[in-house]
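**Q** Sequences listed follow chains A and B, in order. So the first sequence is residues 1 to 222, counted in our numbering. So the second sequence is residues 1 to 222, counted in our numbering.
If you are wondering where the hints come from, they were derived from the structure by calculation, not from laboratory data. Every value quoted in this text rests on a predicted model; they were computed, and no experiment measured them.
Which copy is meant is left open, so a pair is good if it fits within one copy or across any two.
Lysine-lysine pairs mimicking DSS-like chemistry, simulated, CA-CA at most 30 Å apart:
1) K217 / K145
2) K117 / K179
3) K216 / K145
4) K30 / K57
5) K217 / K161
6) K198 / K216
7) K30 / K145
Protein chains: 2
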Amino acid sequence: MDSSKKNTAAQILDSLTNDIISGEFSPQQKLHIKTLKDKYNVGTSPLREALSQLIAKDLVVSENQRGFYVSEISIDDLKDIYQARAKIESICIDMAIEHGDDYWEASIIAASHRLNKYSKLKNIDVLEWQNRHSLFHDALVSGCKSPRLLQIRDSLFEKSKRYRNLWLKENVSNAETLKINQNEHAALMILALDRDKKSISKLIENHIMTPVEIIKKNLSQL
Amino acid sequence: MDSSKKNTAAQILDSLTNDIISGEFSPQQKLHIKTLKDKYNVGTSPLREALSQLIAKDLVVSENQRGFYVSEISIDDLKDIYQARAKIESICIDMAIEHGDDYWEASIIAASHRLNKYSKLKNIDVLEWQNRHSLFHDALVSGCKSPRLLQIRDSLFEKSKRYRNLWLKENVSNAETLKINQNEHAALMILALDRDKKSISKLIENHIMTPVEIIKKNLSQL
DNA sequence: TAATACAAAAATGTCGACATTTTAATACAC
DNA sequence: GTGTATTAAAATGTCGACATTTTTGTATTA
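Generate coordinates for the entire structure from the input sequences, incorporating the hints supplied.
**A** This is the structure in structure tokens:
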């Protein structure tokens, strides 16, 4: 573990980030200083430092003298985040196609294979599937050499997890949608290797926007 | 002033942000806690909270037990930021063209007029020109209804200011480049009103990338 | 002279205390 | 009973102190 090298503030930042994204703390929930101090066994300073960073990451909001709250979620925000993700992902892939070399192509083929094999299993562990799924999409954009754009991509993905997780609490992916999903992945790989910017741009935007409607339904039932 | 409503941490955040972007603190400069406490007349907690947020904003980096440093700048980073800005701006304008209404169009025309009039003056105050320039570009993207994308746009612009300001220290815009610049602005307006996505996309990317070469030269002389 | 070891100084990161503000609980008036 | 004022309780935000780590400076040795 390199968490031993991290200071208390950085450790709590990780914990808090995780607890917010996973939904352990609900949207708009008040985050009492005292409660958090007890929960994580820390003092005031590192806790507030972590909260400060969460404010900058839009996961927490605060009002002077009125404390901290988990930032709210909404259908509008859900759509906005996924829309932004779709656009950014499209740019990253576009740049990857421009700059990607043989290693980039190979990493896509490899990641696709790993995802494919696992998707055909009978009992799919959702976590493992998600992992391979993420790595496939990472491979697609890995040819994009812009650290800033990739960082923006990561940050938006992290934010989208809040919605995804809230949804996964009650849902497990079913076979039919999974199949459609896999077909899209196969198409994405082919278009990437063909360096077909225009087609892949449309496909990736649709691909990313797909979950929105489903999450939207489940979200409005809360 | 509503800074009276802000707590100490938020106030120092503003000051520090400004002092880093303006170049008062140099890239990679060490930020001693003690020195900053004296400079801003504050205690440890709010100062460290502000620094924590600056870390999240990539303006400051820190290593455990080794303190805080102004994050470095480089030609690679310069290019990356401007490239990212160009892509994001292009998306925002694209979405603005899709969703913009009469008010959007009118605001572009108005902002263009204000920028035009001022650009023709003999003695141009750089700050005022920059202000009108920003407002013109803001008007172009204002039809884009995505808060997240606009937020990303702002954040990238803020980061780019570090390079721009470092450069402005020694340079004043000259008449020739200003004229070319103005022609591009005129073209941008026309293309926006014509809703010509494809053309405006190329133009805005070039327009944003223009300063890079000039800044690059000045930067390598430091 | 260079390299290492040791001691002193400086700097970081964490804590708990305290002043201030907000929230709640209670009493009072209408 | 409703609404307002008052008081008590709880929570926030800031500070300075302190333990720990890093850095600097000096002396020692090869």
